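Chemist: Sequence:
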Amino acid sequence: MIVAHFYDVESGRKELHERGSSLAHQNFKIPIPRDGSVADLLEEAQRPDRRFAAVICESIERVARRTYFGTKIEYELEQAGVALCTADEPIITGPRAKRATPTLTRRVKQAVSEWYVLQMLELSWDGFVEHVSQGWNVGKPPYGYRAEKVPHPVPARRAEGRTKHRLIPDPLRASAVTHIFQLRGLDKLGYDAIADRLNLDLVAYPPPEPTRPDVALGRWSGSAVREILRNPKYTGYQVWNRRAMKKGGRYNDPRDWVWSPRPAHEPLVTKELFDAVSTVGRKRQGSRSAHGANAHPATKRSYVLRSYVYCDICDRRMFGKTRHQIAYYACQPDPNEHRDQPWFPDHPKSLWIREQILVTSIARFFATRIFRPDRHNHLTAALRAAQSASGSGDRTANERAAPKRAISAIGQRQARLNPTLAGGFGDGEADGLDRGQEKQFREAIRREHSTVGAQREQLAEQLAHLRAPNQGVRPTDIAAPLNALPHLDVDLSLVPEEIQRRLYSAFGLEVRYCRPREELTLRVTIPGCLADGLLSAAREPGPWNKKSGARTIFPFPEHAAADKHDRSV
98 MIVAHFYDVE SGRKELHERG SSLAHQNFKI PIPRDGSVAD LLEEAQRPDR RFAAVICESI
158 ERVARRTYFG TKIEYELEQA GVALCTADEP IITGPRAKRA TPTLTRRVKQ AVSEWYVLQM
218 LELSWDGFVE HVSQGWNVGK PPYGYRAEKV PHPVPARRAE GRTKHRLIPD PLRASAVTHI
278 FQLRGLDKLG YDAIADRLNL DLVAYPPPEP TRPDVALGRW SGSAVREILR NPKYTGYQVW
338 NRRAMKKGGR YNDPRDWVWS PRPAHEPLVT KELFDAVSTV GRKRQGSRSA HGANAHPATK
398 RSYVLRSYVY CDICDRRMFG KTRHQIAYYA CQPDPNEHRD QPWFPDHPKS LWIREQILVT
458 SIARFFATRI FRPDRHNHLT AALRAAQSAS GSGDRTANER AAPKRAISAI GQRQARLNPT
518 LAGGFGDGEA DGLDRGQEKQ FREAIRREHS TVGAQREQLA EQLAHLRAPN QGVRPTDIAA
578 PLNALPHLDV DLSLVPEEIQ RRLYSAFGLE VRYCRPREEL TLRVTIPGCL ADGLLSAARE
638 PGPWNKKSGA RTIFPFPEHA AADKHDRSV
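Residues in the sequence shown are numbered consecutively from 98, following our numbering.
Careful: at least some of the hints might be erroneous.
[Unchecked claim] 35 Å max Cα-Cα, derived DSBU-like pairs, lysine-lysine:
#	residue 1	residue 2
1	K368	K261
2	K169	K206
3	K195	K111
4	K446	K418
5	K126	K111
Since the hints were derived computationally from the structure, they do not count as laboratory data.
Being a predicted model, the structure only gives us computed values, none of them experimental.
Sequences and hints are given; from them, build the entire structure.
Modeler: This is how it looks when you write it as structure tokens:
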């Protein structure tokens, strides 16, 4: 008689401890009562008061879709004295019953079942890869796109009314996607800060509509912004396998993503901007976007250079501190967390630098090297100094020297072999050698000559592929983005904090303080699309002109963001 029913509805390929842990069986109207999962069955089989003496299943491959788990369940039941029977096999429970052939049959059926699952998974994977390679979209169109339905290319599917779809820009939402990437890439805003900007005008930037209307917020959220910024489909390429939906929807490693070989639809952002945005989070992690003081009740002031200053020794962000009403930026390693780092022994217990020194240096840097007419002269001098310090020409010469020496040695070796091959043996050299031995010796020399010749050709090819001495970046290579910037007479130390931070974010300012050398290194990046960000910052009220106090409007149109090349100065 049947005394209990144990079953799962999850995949038979799951780990045993994961099977039966959900309540998915309640979503089905199964008329058979459920006393537990497979894990509960194994647990009760170990108890002396178990309700059953044997277990029967439909077929052995239904126990698990992996041979290992199927045999493991069978073994554990056998060790507990419980027979595992199947409805499509003879019932064998006697201790002396012949089990060799039934066991072989079971293992073959289990192997075939596992092979079938693996083959279906591989065929499905190949089908999705081909689907993506042809540019078809998988799943719901991302925000900013609409689905353009196309009749199915397979005639049989097309006859059934099946369709595929490609992505086309949504005229109402596409501009919102571009604006989100600009806010992240130029202003370096966080997800919540971008959402707050978009919520100021929900007509121009309609919020996303989720699949379930009952969970719609009716506004932008930080998570919605994050999903857009992480989606590479906005670059025009079709991408699949970004998320492991069977593992909670976590993101897969980008190396496992499947990309179409070429753009499949109209892009909303450039690939360069998408790559730049993907690095913003690592640089500003733990730093808020907004200017001014934070919301902590003990906060008394704000720091204009927050998140821009780094310690050159440990490569960590320096934080603001105030002592005797003077603002500093400090770096103080924690021995409990950093004692194992290679830089810790050489790092001072605490190092500080005044904010006024940094602000003055940055203002002078922008005034002389970014906004003044003679900025090209400064750039040329800096590039020449950097190339001279790098010694790239000497390094390349060393790389080419070794193959050249080897080629010369091989040439000398061939020169020694040539007379022997051309003139034969000299007097006395062939004594004791018959004609056959002489022929073998000559063939050996010929093979050696051919071998070293092949080595010489290989080295010559390797030498040809070695790059020529690096000429470095020329000032003319970055003249276009530098020329797009206006000429201004400006002292940034007089500019309001909000505008300063927007300008620094637009330029990607990075300040590195080296305490051992008492040296500051300032780095900015001039992207081709920086014009819009600068123009937007210039429209904010504030004393931009040092002499007159009047605001300066940048003398170039809003569409001047045509250059897509990023250059570092």
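Chemist: Now, for every hint given, state plainly whether the structure supports it.
Modeler: Tested hints:
1. The suggested pairing of K368 with K261 holds, with an alpha-carbon distance near 26 Å, which does not exceed 35 Å.
2. For the hint linking K169 to K206, the alpha-carbon distance of about 15 Å falls within 35 Å, and the restraint holds.
3. Pair hint K195 plus K111 holds up; C-alpha atoms about 32 Å apart against a cutoff of 35 Å.
4. For the hint pairing K446 with K418, the CA-to-CA distance comes to about 15 Å; that is within 35 Å, so the pair holds.
5. For the hint linking K126 to K111, the alpha-carbon distance of about 23 Å falls within 35 Å, and the restraint holds.
Every hint, counting from the list given before, is met by this structure.
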